[in-house]
Amino acid sequence: MAAKKKEEKTEFVNKQGKRLDGRTTDQVRPIKIQVGVVPRADGSCYLEWGQNKVIAAVYGPRECLPKHTASPYKAVVRYSYRMATFSVPDRKNPKPGRRDIEISKVSSEAFERAIFTERFPNTAIDIFVEVLDSNAGTRIAALTCAAVAVADAGIPMRDLISGVAVGKAGGKIIVDMNKFEEDAPDAVDIPMAILPNTEEIVLLQMDGLLSKKEWLEARGKAFEAIKQVYELQKQALLKKYEQPVEAAENGGVVQ
Amino acid sequence: MSSLVSWDFRTDKVLQAIREGKRLDARAFDQYRKINIVKNISENADGSARVKIGETDVIVGVKMITSTPFPDSPDAGTLNVGVELLPIASPTFEAGPPDKESIELARVVDRGIRESKCLDFKEWSIEEGTLCWTAFVDIYALNHDGNLFDAAALASIVSLLETKMPKLEDKKIVKGEYKGKIKLSRKPLLCTFAKIANSVVADPSLPEEKAQSARFSVAVTEDDYLTAFQKGGLGSFTASEIDSAIDIALKNTKEIRKQI
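Read top to bottom, the protein sequences are chains A and B. Take 1 as the starting number for the first sequence in the numbering used here and just add one per residue. Take 256 as the starting number for the second sequence in the numbering used here and just add one per residue.
Please keep in mind that the hints were generated in silico from the structure rather than gathered at the bench. Keep in mind that a hint or two might mislead.
[Said to hold, decoys possible] Stretch by stretch, here's where chain B covers chain A in the computed footprint (C-beta under 8 Å, at least three residues):
hint	segment
1	97 to 106
2	214 to 220
[Said to hold, decoys possible] From the structure, some residues in chain A lie toward chain B, with a derived Cβ separation under 7 Å:
hint	residue
3	Glu112
4	Glu182
5	Met206
Built from N, CA and C at the ideal position, the CB exists for glycine as well.
Required output: the full structure, derived from the provided sequences and hints.
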């Protein structure tokens, strides 16, 4: 909080429209995506988003245990968002907290919409994401990474899931806030994920004081930014699979 | 009642009605059920309330407790929201530690209140770095007939408005003595919507919740700020559905707030 007091006079966007880290209000931090990084997993992905570093592995569809948790109608998507103990300034308790559980819940619900779960009754699709280093926007980095890992696992999806966290700092609507911006006294954080081709919103959260007008601006900026994220996800997948599927690693299940 | 077959049948009825532009209980799509608020239902709580939305029944008790402030905010008190989905309230609720459903509910209620900045946590500092007030807002579901989110949020804000600040002597709470009510600068309320077929309805009843593909909650203040969003459920929303839900929430809360 002591740091926050100082920030009250901080200008988060200068007259030239540049942010403190040199980005424009619409600019996403650099994103690097690498597909197929865990050889034993059915699908996997490593992603860097600014200072955020996340790794995701997907197993399944596989037997759903314990069996009473299975559905005779569809696959159950189990998503686990966890943060490494060293991924935050203080040491994080490795025990999943309420935040981890909530993020895992809303993220699994996003995948339930994206994946054709009805094709795999009585099974489970397990998605594990570990945040290795963090600097704001980790739930979206994790979801974006996991979507590529699910695609890498060859699991049929309606679409990839792409997301971004938009928000407000110092009265300005900005895309993909970093930690410093997220700690602004008037900060608003809006993590959002969509199926990019149909523009269906599959994850949406918000906290902070936001007017309806500001929401409309933030939403517009988010959709633009998400298009860029989606292109990077596709490029990463193409890089692995532009050669014939049979010639690529045999990790992908071919239907 | 709780058999799968009976619910499948009811889900079909809900879907059929919604497709015809109707709801099974004859409400308009943006209309709430009857809301009943009773304040101060507990003698031992520092603030409490019981809220019914239709048959959904929730009680909330607030306890003001002295505690150690968080290291990152040594000069501020805090808020702690917990939800107990009692097995009393529904055949689908189980005893035991909070599951993901109740954690999500607690965190959405918490966000709606906290982010509205209605509580001045700085005022709750007793001694910087060592002692502060924490408001424990504990929500108990007594009957689940749909839309626990809004009932829980409404009961929480009503309870906080009734909450008295305990007296302190030598940094210890004097039981049963108070020095006035705690201050709230805003009254954030939560509005929850269900997407059923291709329609969005406010304040879903239990049969509607069973038939919904997705849920969207928005917390709004009397000065028309949005303070929390939460999308849940396996389906999705379009941007325009979210926008119109926000407009309905801003309109509906004006009516609900008159009852507080």
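Verification of the supplied hints:
no.	hint	in the structure
1	97 to 106	holds (count 7)
2	214 to 220	holds (count 3)
3	Glu112	4 Å, holds
4	Glu182	13 Å, violated
5	Met206	4 Å, holds
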